[in-house]
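Trainee: Going down the list, the protein sequences come from chains A and B. Here our numbering is used: position 338 in the first sequence is 732, and no number is missing along the way. Here our numbering is used: position 446 in the second sequence is 840, and no number is missing along the way.
Take the hints with a grain of salt, since some may be wrong.
Chain copies aren't distinguished; within one or between two, either way the pair holds.
Keeping only pairs whose Cα atoms sit at most 30 Å apart, straight-line, the calculated DSBU-like set for lysine-lysine is [as the list claims (entries may be wrong)]:
| # | residue 1 | residue 2 |
| --- | --- | --- |
| 1 | K622 | K811 |
| 2 | K751 | K811 |
| 3 | K811 | K671 |
| 4 | K811 | K681 |
| 5 | K811 | K747 |
| 6 | K472 | K755 |
| 7 | K671 | K472 |
| 8 | K747 | K622 |
| 9 | K457 | K472 |
| 10 | K811 | K755 |
| 11 | K681 | K622 |
| 12 | K472 | K747 |
It is worth saying that the hints were derived from the structure and are not from the lab.
2 protein chains.
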Amino acid sequence: MSITIMTQDLMALHISQNAEAMQRFVEEHPLADCAEAFTQLLDNQSLSSKEAGQLLLLLSLEKQAALFGYFSLRWQEKLAEQLDAQEVAQLTELMPHDERADLLTQLEPEFQSEVLDQMDSEERLDIERLVSYPEDCVGAVMTSDFATLEAHHTVEEAIRQLRSIARERETIYLAYVVDAQQRLQGTVSLRDLVVSEPSATVAEIMTQVLIFVRVDEAQNVAAQAISKYDLLALPVLDHQNRMVGIVTYDDAMDVAEEEADRHIHKSAAVDFAGNLKEASVGLMYRKRVFWLVLLVFGNLFSGAGIAYFEDTIQAYVALVFFLPLLIGSSGNAGAQSATLMVRAIATGEVIGKDWAKMLAKELFIAGLLGITMAMAVSLLGLWRGGPEIALVVALTMQIVVVVGSVIGMSLPFVLSKLKFDPASASAPLVTTIADAVGVIIYFTVATSILDFPVAA
Amino acid sequence: MSITIMTQDLMALHISQNAEAMQRFVEEHPLADCAEAFTQLLDNQSLSSKEAGQLLLLLSLEKQAALFGYFSLRWQEKLAEQLDAQEVAQLTELMPHDERADLLTQLEPEFQSEVLDQMDSEERLDIERLVSYPEDCVGAVMTSDFATLEAHHTVEEAIRQLRSIARERETIYLAYVVDAQQRLQGTVSLRDLVVSEPSATVAEIMTQVLIFVRVDEAQNVAAQAISKYDLLALPVLDHQNRMVGIVTYDDAMDVAEEEADRHIHKSAAVDFAGNLKEASVGLMYRKRVFWLVLLVFGNLFSGAGIAYFEDTIQAYVALVFFLPLLIGSSGNAGAQSATLMVRAIATGEVIGKDWAKMLAKELFIAGLLGITMAMAVSLLGLWRGGPEIALVVALTMQIVVVVGSVIGMSLPFVLSKLKFDPASASAPLVTTIADAVGVIIYFTVATSILDFPVAA
Numbered sequence: 395m396s397i398t399i400m401t402q403d404l405m406a407l408h409i410s411q412n413a414e415a416m417q418r419f420v421e422e423h424p425l426a427d428c429a430e431a432f433t434q435l436l437d438n439q440s441l442s443s444k445e446a447g448q449l450l451l452l453l454s455l456e457k458q459a460a461l462f463g464y465f466s467l468r469w470q471e472k473l474a475e476q477l478d479a480q481e482v483a484q485l486t487e488l489m490p491h492d493e494r495a496d497l498l499t500q501l502e503p504e505f506q507s508e509v510l511d512q513m514d515s516e517e518r519l520d521i522e523r524l525v526s527y528p529e530d531c532v533g534a535v536m537t538s539d540f541a542t543l544e545a546h547h548t549v550e551e552a553i554r555q556l557r558s559i560a561r562e563r564e565t566i567y568l569a570y571v572v573d574a575q576q577r578l579q580g581t582v583s584l585r586d587l588v589v590s591e592p593s594a595t596v597a598e599i600m601t602q603v604l605i606f607v608r609v610d611e612a613q614n615v616a617a618q619a620i621s622k623y624d625l626l627a628l629p630v631l632d633h634q635n636r637m638v639g640i641v642t643y644d645d646a647m648d649v650a651e652e653e654a655d656r657h658i659h660k661s662a663a664v665d666f667a668g669n670l671k672e673a674s675v676g677l678m679y680r681k682r683v684f685w686l687v688l689l690v691f692g693n694l695f696s697g698a699g700i701a702y703f704e705d706t707i708q709a710y711v712a713l714v715f716f717l718p719l720l721i722g723s724s725g726n727a728g729a730q731s732a733t734l735m736v737r738a739i740a741t742g743e744v745i746g747k748d749w750a751k752m753l754a755k756e757l758f759i760a761g762l763l764g765i766t767m768a769m770a771v772s773l774l775g776l777w778r779g780g781p782e783i784a785l786v787v788a789l790t791m792q793i794v795v796v797v798g799s800v801i802g803m804s805l806p807f808v809l810s811k812l813k814f815d816p817a818s819a820s821a822p823l824v825t826t827i828a829d830a831v832g833v834i835i836y837f838t839v840a841t842s843i844l845d846f847p848v849a850a
Numbered sequence: 395m396s397i398t399i400m401t402q403d404l405m406a407l408h409i410s411q412n413a414e415a416m417q418r419f420v421e422e423h424p425l426a427d428c429a430e431a432f433t434q435l436l437d438n439q440s441l442s443s444k445e446a447g448q449l450l451l452l453l454s455l456e457k458q459a460a461l462f463g464y465f466s467l468r469w470q471e472k473l474a475e476q477l478d479a480q481e482v483a484q485l486t487e488l489m490p491h492d493e494r495a496d497l498l499t500q501l502e503p504e505f506q507s508e509v510l511d512q513m514d515s516e517e518r519l520d521i522e523r524l525v526s527y528p529e530d531c532v533g534a535v536m537t538s539d540f541a542t543l544e545a546h547h548t549v550e551e552a553i554r555q556l557r558s559i560a561r562e563r564e565t566i567y568l569a570y571v572v573d574a575q576q577r578l579q580g581t582v583s584l585r586d587l588v589v590s591e592p593s594a595t596v597a598e599i600m601t602q603v604l605i606f607v608r609v610d611e612a613q614n615v616a617a618q619a620i621s622k623y624d625l626l627a628l629p630v631l632d633h634q635n636r637m638v639g640i641v642t643y644d645d646a647m648d649v650a651e652e653e654a655d656r657h658i659h660k661s662a663a664v665d666f667a668g669n670l671k672e673a674s675v676g677l678m679y680r681k682r683v684f685w686l687v688l689l690v691f692g693n694l695f696s697g698a699g700i701a702y703f704e705d706t707i708q709a710y711v712a713l714v715f716f717l718p719l720l721i722g723s724s725g726n727a728g729a730q731s732a733t734l735m736v737r738a739i740a741t742g743e744v745i746g747k748d749w750a751k752m753l754a755k756e757l758f759i760a761g762l763l764g765i766t767m768a769m770a771v772s773l774l775g776l777w778r779g780g781p782e783i784a785l786v787v788a789l790t791m792q793i794v795v796v797v798g799s800v801i802g803m804s805l806p807f808v809l810s811k812l813k814f815d816p817a818s819a820s821a822p823l824v825t826t827i828a829d830a831v832g833v834i835i836y837f838t839v840a841t842s843i844l845d846f847p848v849a850a
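One chain only, chain A, in its complex shape:
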């Protein structure tokens, strides 16, 4: 399973151009690994896309079509450019409908229409419909090659029917029973068919459809439903209740993974979903600079707080020693509770009306955390500045940990209430807010407890 060895084999095949050996190569290795080996050779320019295209053409059309979907869209496009319109049309006819739609959207408009001209009108219409859906909706991830049956079929006829279309359909394990208007009436699994009497009708054995999605819903909704209800595939309906596609479990896994990526990156104030190694410097700069600059303004509040208390600082420079510690702890506690809360909201585990209950619990937990931290720093305060400083530091720690935690846990709810993505309550944002609040609390406590020469 070593990709490095596979790349060496591929280079040997490139030299020999032995079609039989090439066919055997893709049969003996998982397609995902074959594509990875190809990609490595393309990335480090051991193979040009022209040479890779020639190697692929040695394969049977079925294998070409199956392998193609495992390349990144960028390489799919480059490889397709090496073929003529007719070759691409032949290839795409055998590809899963969702993958071929993705590929065709990548092509130059002119080449794309040449390819479409080579296809028969039914396939063309299918592609044009699939590419018309906006990027993040279910329509853009679903596939239209699902198996359908009619209610009056017998089990025997149904099995024969599924057998005849097995090669062209993404899955035949679930078949959808539709009426003449393509309205969904039920589902039948191949498992049900196999265990039923051959003379029974589909109507008798079909299961009522309980879970479906609309074509314009968010992809995430489909992925969550597939995961929650343990589905193999989820039917997609339009607003006339016509069956227009299915989302399969493997596409749902990809959506969930991308969603997790996006979520994790947002937690650090970078809204990026994609391949980090392939992303350009300019793209990453743009994705990161916005939040960094925005947070500068947040930090100015901390600065302003410090400026306001300049006299206090001048009198007790020792206070500055504890500044990073106190505002850091406030920010850390806040980042913890924000992250816990954002994830719980994203997975649907916690909803808006749980806020009050979660707040009570958070206050309690943060209170305990604050006491622990206050005890730790009071010793430090005693050592660095005497009992008065110790009191100031311990009291501040107790307050800022609680306040930071409450800010961290409430912000996601507030954002979600204001129709923003709760994931924008990133650790840096919460830390920045908690810092500013922490500065003010710290010096307010200090000013009210300590004696000042200026006040004297």
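Position chain B relative to chain A; hints supplied.
Mentor: What follows is chain B alone, placed relative to chain A:
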């Protein structure tokens, strides 16, 4: 699909105790939703676990077994306690093998052995084997109810065989061809069987097994393989190459989700994977306090840095104004790159040897980010403290953004090299380290540029 309406229906069924209506209820709603409605009623104590248990007993044993797996383990345990050992044994015999093993581990040891005594020895051995695997390994998530075939079977015999075991097996869509020693020889999909000649043998149509996992590997490995290779199920082998189980795509989705949870939480220095609403105050306190206290020590370095430069601060109190801004920006830039890198390492997109290449890119991006930020703050420095302060602040900003980013991107690699989980390079940890380094850079730059009365 509203859970609230379902809870009302359930309360009505609780009053009527109508077995037929109860059976219809679970047929008309997705099982996951039924379990959710039950859980809500149990959570807010509208139903006691005894009453819920009575309602469940109205169902056919098949439905009970199917529904049971959708409850959280905590409620499964409470509900099982309402039944006697024989009832639990009957129920678990119909449950998927992985789910029933999970349930039995939850029971009191005494009750558990009573239940096991009620089962026949084969089932008992199966459970005892499944529960013996450590928590995070493949063995603990796999199921042992997979379908097997023998190579000499004809397609017709194979279909008949699968039909006869369809009801007891988690999936019959993939069957595993094994020899007399249970060693895996190949797989056959139901799709292949359905499209092949009835007289062909299994040996002729089976596919070579290219992807499998060992029973003691991490669950995450299995989940990633299923996602990467688009598998329906992944065979699990022991070290004698005997087939001991399968991991199905739906379990892989659960593993991936838990993994993402854990990952996201680690990014905020809380190592927690579970239900936030159900987690006790004590548990959350323990999960959070460790890192918070640890980070206190990190922040002490910042404090020590400040103490070292106390004279500088005394002379230019205005410098403190920029302190949160500068160290905050360093930490934010670091948190961004750490998060991007940790995720890229976790998904296998970036590996150890990419470090140098990623570093070069990061230096370039961070350089650009630093220039932008430096320009922004230099104006501020001019306004608050004149040209000299502006120079100090801009120069520091440029340096700390680059240094923070490099720390953020390198730390995950270092941790991974030292065999720690790279995800421990959480935003709070990176922020704390970047803070300390930022303090030192700031005052070093300030001390070398500004004139000091003490030096005069």
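Trainee: Now, for every hint given, state plainly whether the structure supports it.
Mentor: Results of checking the hints against the structure:
1. K622 / K811: within (25 Å within a copy, 36 Å between copies)
2. K751 / K811: within (17 Å within a copy, 42 Å between copies)
3. K811 / K671: between (36 Å within a copy, 19 Å between copies)
4. K811 / K681: The answer is both: 25 Å in one copy and 28 Å across copies each meet 30 Å.
5. K811 / K747: For K811 and K747, only the intra-copy Cα distance (11 Å) is at most 30 Å; the inter-copy one is 44 Å.
6. K472 / K755: between (55 Å within a copy, 24 Å between copies)
7. K671 / K472: For K671 and K472, the Cα distance is within 30 Å only inside one copy (18 Å; across copies 49 Å).
8. K747 / K622: Classified as within; 22 Å inside a copy, 38 Å across copies.
9. K457 / K472: The answer is within: 18 Å in one copy meets 30 Å, while 52 Å across copies does not.
10. K811 / K755: within (21 Å within a copy, 38 Å between copies)
11. K681 / K622: So K681 and K622 pass the 30 Å test across copies only (27 Å; inside, 32 Å).
12. K472 / K747: between (50 Å within a copy, 27 Å between copies)
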